[in-house]
Amino acid sequence: MRGIVKRFPGVLACDAVDFDIRRGEVHALLGENGAGKSTLMKILYGLYSHEEGTILLNGEPVSIRTPTDAIELGIGMIHQHFMLVDTLTVTENVALGLPSSRGPLLDLDRVAARIRELSETYRLDVNPDALVWTLAVGERQRVEIIKALYRGAALLILDEPTAVLTPQEVDDLFHILRRMTQDGHSLIFISHKLHEVLNISDRITVLREGKLMGTVPAQGMSRADLARMMVGRDVLLERNRSPVAQGSARLVLENVSALGVTGHESLRGVSLQIHAGEILGVAGVSGNGQRELAEVIAGLRAVTSGWVEMDGLDVTGQAAGERTQTGFAYIPEERMHDGVVREFSVSENLILQDHTRPPYSKGIFLDFAHIAQHSQELVRNFRVKTPGIETPTKSLSGGNIQKLILARELARLPKVLVAAQPTRGVDIGAMEYIHQRLLDQRETGTATLLISEDLDEVLALSDRIAVMYEGRVMDIVKREETSAEELGLLMAGVYPER
Amino acid sequence: MLNELFTLATLIGILHSGVRLATPYLFAALGETFAQRSGVLNLGVDGMMLMGAFTAFYVAFNGGNLWLAVAAAIGVGCLMGLLMGVVSVTMQAEQGISGIGLYLFGLGLSSLLFKTLIGSVESVSGFPKLALPLLSDLPIIGYIFFDHNVLVYLAYLMVPVTAFVLNRTTFGLSIRAVGHNPEAADSLGVSVNRVRYVTLIIGGGLAGVAGASLSIGLLNVFQENMTNGLGFIAVALVYFGSWRAVGVLGGALLFSLVNALQLWVQVLGIPIPSDIAVMLPYVLTIVVLTLTVRQIQQPAALTKPYERGE
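Read top to bottom, the protein sequences are chains A and B.
In case it helps, this note's numbering puts the first sequence at residues -3 to 494.
In case it helps, this note's numbering puts the second sequence at residues 9 to 318.
Just chain B, with the same shape it has in the complex (with noise of 0.2 Å):
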């Protein structure tokens, strides 16, 4: 049974699966990176995808435009990461506990919304495929990479958004700086408390299409804790790509592609205790973590709370 895994059919199959996956990843990861250049970790994704699921969810669910439903996604995560802010910057709380309260929040009023106003597992059409004109008639190449929904591409398309923003800009200058070293920021007149507020919404906006990814884009339906920890595995992604999109891209790829050869072991019932090939992602994140991570790149400020004065 071990040959199936090996045919190109099902490498194909592996490495489109993989494409596709990489989404919520991305999406989730590329937001957090904002949010810890600025020098804030915020733990609490998981709850901001969540919530931007079941929202996207609802408003599909209703009959609402899916656009519509990716825009009140942002808008609830982007409120979540307002809420971070207020929490974590301003009142200056451990930002990991304030994380993880997040996080919490997040997961039960998504439970506690869907029992109430939805109350089992419905099913929406979400966003369908658009293959890319040309490129999709590649062979291989083409149902590999260009045979997807329009939020796949669009979570490809943020990674040099992303490199953009933080290299190239003034804004992004101000990110990097605020990051590594406030009161030199601050004394030149930049805002640290705003920087970093408006890296969490950012990252909260972004939290939330990749909540939406899952519900109307991989997915289509919406479960309680439908994203199983992946908010976590996005921040820890920003850390395993050392803090630029680039390496993000190449942690969320690897991951994903992981995460499609245990749902192929599955499908094609290769005697693998389920358990564990459903571990494996998560085994990898800790072994990656532990033999990757390089101190020198992280943002010297990152989880410290700035307040002016000696």
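Only chain A is shown next, with the shape it has when bound in the complex (with noise of 0.2 Å):
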């Protein structure tokens, strides 16, 4: 790809980009979110238009309209989100789309007879006639991958594919991988896990804000290099933690059980105790019931049995406004969508919860001027990057959002604080910023419950982990006395042999 340009209303999301890729060759394209990896490809995949520049394939100039032409190029795609249906089975979603040897009729048994194959010869194991449906992630993933095989992929893309994970099925992922380049294909792996990209890739590609920064070989590069080039800064990796003196049990859960969205019950006798000064992370892949956890401990959804107490009090009945005045923050992982409202300004989205009490409020009106001294000083503490306070919050970018939503939750000086998925989807700096924020916090006697898929962010913050598997917590595990594998195992629901 050579010169590649493309312009969204307002950012130029890809500004004259190079990028080439060999045959046998694991080329990682690295950058924070917003840096342009996922338009690059995109593009390469006919799912974007460029405006300028040429692609190259084995030579000869390309022209990439529609996903259609990149297949029969022999590109294939793994996006982050799967791009499976749901209700049908495997086979089915293999066949999507392909002519069938039969004409207008499906020819499901051959497919599934070169499923078979294809699986057995990269040891993708995988069901033919399973539903998509009844599959855990690791599996999905491999299905995706027989989707690009299956239609000749020689150049596969993928997209993120470690984020959803654990340690274990990376391993597993990246052995495929290997197996495949050994057989001559080659694989861009966009991510921004730095250690993952350390491991898989012959080559490293880095972005920021659409310019190239550079391609380099990953022997010899350490993490502090890459983390440089993707930010143009040097960047904190590790974290600081100083020894806090842990007070009393600020927030208790007594054997809590709750339904989940789909009215099944998703979390089943939880116990778990955080102390003043201490942070306990919860490790686990999504849908264990993570998000249940932090909802019930906001008071938004109902326990079916248990209790839970918030400094020495029962607040099992009470509802979420009442636990935020007893001195509870919460920081949800859906920060678009609990979080702020989209369409609110800066300053009123600061102020939601406690706008109806003094300071904020003089009887039924509002005080304009307080609210405006005080957005202002919390967006100048919180290095809020916005135009202004009256700025509509939804066009702030992911990280910005988040530190807003951090600066209202802190500035009510909580005891205790949720924090679900905080760095999800947001660039390094920010990242860098709100785990030194949640440290700080931790100082002050804060009892925080870190919610968090990415085993990284839990492992550098947390005091203690609790592992969730099927909605129970498997174990409770101090954070030096633990390590990623044995994590892992617990992710999968396995106890490990001690």
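What the hints contain is simulated information worked out from the structure, not anything from laboratory work.
Honestly, I wouldn't trust all of these hints.
[What the hints assert, rightly or not] Computed footprint of chain B on chain A; a stretch qualifies when at least three of its residues, placed anywhere within it, have a C-beta under 8 Å from a C-beta of chain B: (1) 61 to 75; (2) 84 to 94; (3) 333 to 342.
[Claimed, not checked] Simulated restraints, written as ranges between beta carbons of each label pair: (4) Leu112(B) to Asp82(A): 30 to 40 Å; (5) Glu205(A) to Thr311(B): 31 to 41 Å; (6) Ala17(B) to Asp103(A): 43 to 53 Å; (7) Ala101(B) to Ala316(A): 36 to 46 Å; (8) Val257(A) to Thr311(B): 34 to 44 Å; (9) Leu112(B) to Asp121(A): 30 to 40 Å; (10) Asp121(A) to Leu90(B): 41 to 51 Å; (11) Trp303(A) to Ser282(B): 55 to 65 Å; (12) Ala101(B) to Ser96(A): 54 to 64 Å; (13) Arg110(A) to Asn73(B): 48 to 58 Å; (14) Ser96(A) to Thr124(B): 46 to 56 Å; (15) Thr211(A) to Phe172(B): 51 to 61 Å; (16) Arg110(A) to Val286(B): 53 to 63 Å; (17) Thr311(B) to Ala316(A): 28 to 38 Å.
[What the hints assert, rightly or not] Residues of chain A clear of chain B, computed beta-carbon distances all greater than 10 Å: (18) Glu56; (19) Val81; (20) Lys143; (21) Thr177; (22) Met217; (23) Thr300; (24) Ser301; (25) Thr312; (26) Thr320; (27) Gln349; (28) Lys474.
Note that the coordinates shown come from a computational prediction; the quantities given were computed from them, not determined experimentally.
Glycine included, C-beta positions come from ideal geometry on N, C-alpha and C.
Hints are included, so try docking the two chains, each in its own frame, into the full complex.
Right under this line is the structure:
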């Protein structure tokens, strides 16, 4: 790909980017959110058109305007959000969109036979007759890989393939990928996880704000080197956790069960305690009850049994608003849905839950002067990058919206804090800042529950780590006494032998 | 008088009418099944049926061949399906609203054409009874199932045809994928819009036949708004049947049997106020829908227009 340029309204998503990949190579594409990695790859896969530049395949210029063009040229893409139809079987998902050997009639038996061959060759373990919704995340990813291989992909784009996997599943995936490159497949690996990129790639290309920062061989690079290329300055990769004297139990859950969105029991007898000055990390593959756990503590989901105590008071029956008044703060997982009102201005979002009380209101009226002053202060203190406090919140970047929510919640000086996926989708700079804020909060004696799918984040910040699997807490381990491997096994529902 | 309802002759009569009256429900609801499986809720079925009914009647009234009349009804239905496609697929209008618009359009236009081209209620000789040889000689069953006009048989034939197309063909697989996860289908080169256009046109054509089955098959007259909301019940039947052809068949039979029962109650002069009797199928629609719809089967992208990109 030479000199690729792509503009979105108001943004230059790709600014004259060059990119090349050789046969049998893993080439990592590294960059922060919004750096243009996905955009570049969507151009290669025919989902976006580009304004300038050329794409060459084996030396010949090619025109790729639709995914069909890309598939015909032997390019496959595994999207971050799997492109599978839940209600269909594995075989049907693979056959979708392909001509059949029997004209208008389906030839699912032949497709299934070929799937078995492929899973044999690459050890992609999958049952062709299974319905996709019954499959675990790792299996779905294997279906995606089979889908691409079935279509004869010689070049495969993997968009953040490890984001949803346990450490063991990542190892399995890497084995599969290596086997594929030995067979002459070329792989483009999009990621922002530095150690994985160093582990799997031959070469690494770094993008920042749509610009090419350089292409380097993986050999001899360190995480710090890559982080500097990504962000443009030195980044603190390790977090400094100073020892903090822990106080009394601030948050206690005793045998809590609750129903999930689907009406099935999603929390099963969860018990845990968090003390003042402690961060308890919750690790687990998404969908194992983490979301319900956060909502139960926030008072947004009713319990079916058990109770919740905050600061010694039973709050089980209390509504969300009452809990915030007794010193509870909540950073929800879905920041755009549950964290802010998209259309509201920055300052309106900053006073949201407290707007009915002084000092933000007098009687039934809002005190605009005070609100403005308070908002200015928070925006400055929490380094929210915004043109002004009247800017509509939806026009801010993900990282800045997250800082805004953090500002609002921490301004309440909480005794108990629940942070669900606090850095998902935010850039490294914002992540560094949010982590530091959470650690500062720990030092002031806040009891924090940190829910994250990013195991590195959990390991970096937590004092103790609870692993959730199918709505249960498998185990709670001390951070110093555990390893990524042990946590990975627990996340898969297996108790490691000791 | 209630005793009369339970004589063998009456029961056979009710079953015979029930089988026969299911015809328009089947055509319309099976057509709607295609559209909904691909993710488009077409509420304009009733309007399409009215246009089909009028077109078929007009051709037959002017001495045209009955099959030509059916073909014309299919053509008009397909055109209305195409129109729904332009509005709801290409222009991405809210499907519920555009469907109601299409219904009102069909209702108004068929009434207008009826007033200007025909003027008064006339009758035509529609499709004659076609007793199937041997089968119709069977005792009781022969009369109930095999003593109808050809459109009735065709309607039942459409049930396995629909199931086959949806489950055994590549196009059927595309329909199911588009209705459930259009992004996934798009990423594999399946044109979401093309699939939805085709299902809407199939649905329109079948709604046209459904209308024709009323005006030149069952009743052999045309009146303004003669469908009386039947097209809306057909939409409900798709939900009732959990988006499967066999389920739709079950629903259609249930409603047509209740309808037949209600007609016979009136014929026999059983003292139930006729308004209440006529209400029965509609009340049943609501009750059954509240009790049976399993959301899990619903095409996830139903009523959602598809647009590529983030």
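Comparing the hints with the structure gives:
1. A count of 6 residues in the segment 61 to 75 of chain A with a Cβ less than 8 Å from any Cβ of chain B is obtained; the coverage claim is therefore met, three being the minimum.
2. Coverage of the segment 84 to 94 of chain A by chain B holds in this model, with 7 residues showing a Cβ closer than 8 Å to a Cβ of that chain against a need of three.
3. Counting residues of the segment 333 to 342 of chain A whose C-beta lies closer than 8 Å to any C-beta of chain B gives 0; at least three are required, and the coverage claim is violated.
4. For Leu112(B) and Asp82(A), the Cβ-Cβ distance of about 36 Å falls inside the hinted range of 30 to 40 Å, so the restraint holds.
5. For Glu205(A) and Thr311(B), the Cβ-Cβ distance of about 38 Å falls inside the hinted range of 31 to 41 Å, so the restraint holds.
6. Between Ala17(B) and Asp103(A) the CB atoms are about 52 Å apart, so this pair conforms to the stated range of 43 to 53 Å.
7. The beta-carbon spacing between Ala101(B) and Ala316(A), approximately 38 Å, falls within the hinted interval of 36 to 46 Å.
8. Taking 34 to 44 Å as the suggested C-beta distance range, the pair Val257(A) and Thr311(B) does not conform, at roughly 20 Å.
9. Taken as a hint, the range 30 to 40 Å is violated for the pair Leu112(B) and Asp121(A), whose Cβ atoms sit roughly 56 Å apart.
10. For Asp121(A) and Leu90(B), the Cβ-Cβ distance of about 46 Å falls inside the hinted range of 41 to 51 Å, so the restraint holds.
11. Remark: the range hint 55 to 65 Å for Trp303(A) to Ser282(B) is upheld by a beta-carbon distance near 60 Å.
12. A hinted range of 54 to 64 Å for the beta carbons of Ala101(B) and Ser96(A) is inconsistent with their spacing of about 34 Å.
13. In this structure the supplied range 48 to 58 Å holds for Arg110(A) paired with Asn73(B), their Cβ-Cβ distance being about 50 Å.
14. The hinted window of 46 to 56 Å between Ser96(A) and Thr124(B) holds, with their beta carbons roughly 50 Å apart.
15. Taking the beta carbon of each, Thr211(A) and Phe172(B) are about 53 Å apart, inside 51 to 61 Å as hinted.
16. Distance hint check for Arg110(A) and Val286(B): the Cβ-Cβ separation is about 57 Å, which falls inside the suggested range of 53 to 63 Å.
17. For the pair Thr311(B) and Ala316(A), the supplied restraint of 28 to 38 Å holds, since their beta-carbon distance comes to about 31 Å.
18. Distance check on Glu56(A): its Cβ is at least 21 Å (rounded) from any Cβ of chain B, clearing the 10 Å threshold; non-interface status holds.
19. Not every beta carbon of chain B lies more than 10 Å from that of Val81(A), the smallest distance being close to 5 Å; the non-interface claim is violated.
20. Not every CB of chain B is more than 10 Å from the CB of Lys143(A) (nearest about 8 Å), against its label as outside the interface.
21. Every CB of chain B lies more than 10 Å from the CB of Thr177(A), the least distance being 23 Å, so the non-interface label holds.
22. Distance check on Met217(A): its Cβ is at least 31 Å (rounded) from any Cβ of chain B, clearing the 10 Å threshold; non-interface status holds.
23. In this structure Thr300(A) is separated from chain B by more than 10 Å, as the shortest Cβ-Cβ distance comes to about 22 Å.
24. Non-interface status of Ser301(A) relative to chain B is upheld: no Cβ of that chain comes within 10 Å, the nearest being about 27 Å off.
25. No beta-carbon of chain B is positioned within 10 Å of the beta-carbon of Thr312(A); the least distance is around 30 Å.
26. No Cβ of chain B comes within 10 Å of the Cβ of Thr320(A); the nearest lies about 33 Å off, and the non-interface call holds.
27. With a least beta-carbon separation of about 30 Å from chain B, Gln349(A) lies farther than 10 Å from that chain, consistent with its non-interface assignment.
28. In this structure Lys474(A) is separated from chain B by more than 10 Å, as the shortest Cβ-Cβ distance comes to about 41 Å.
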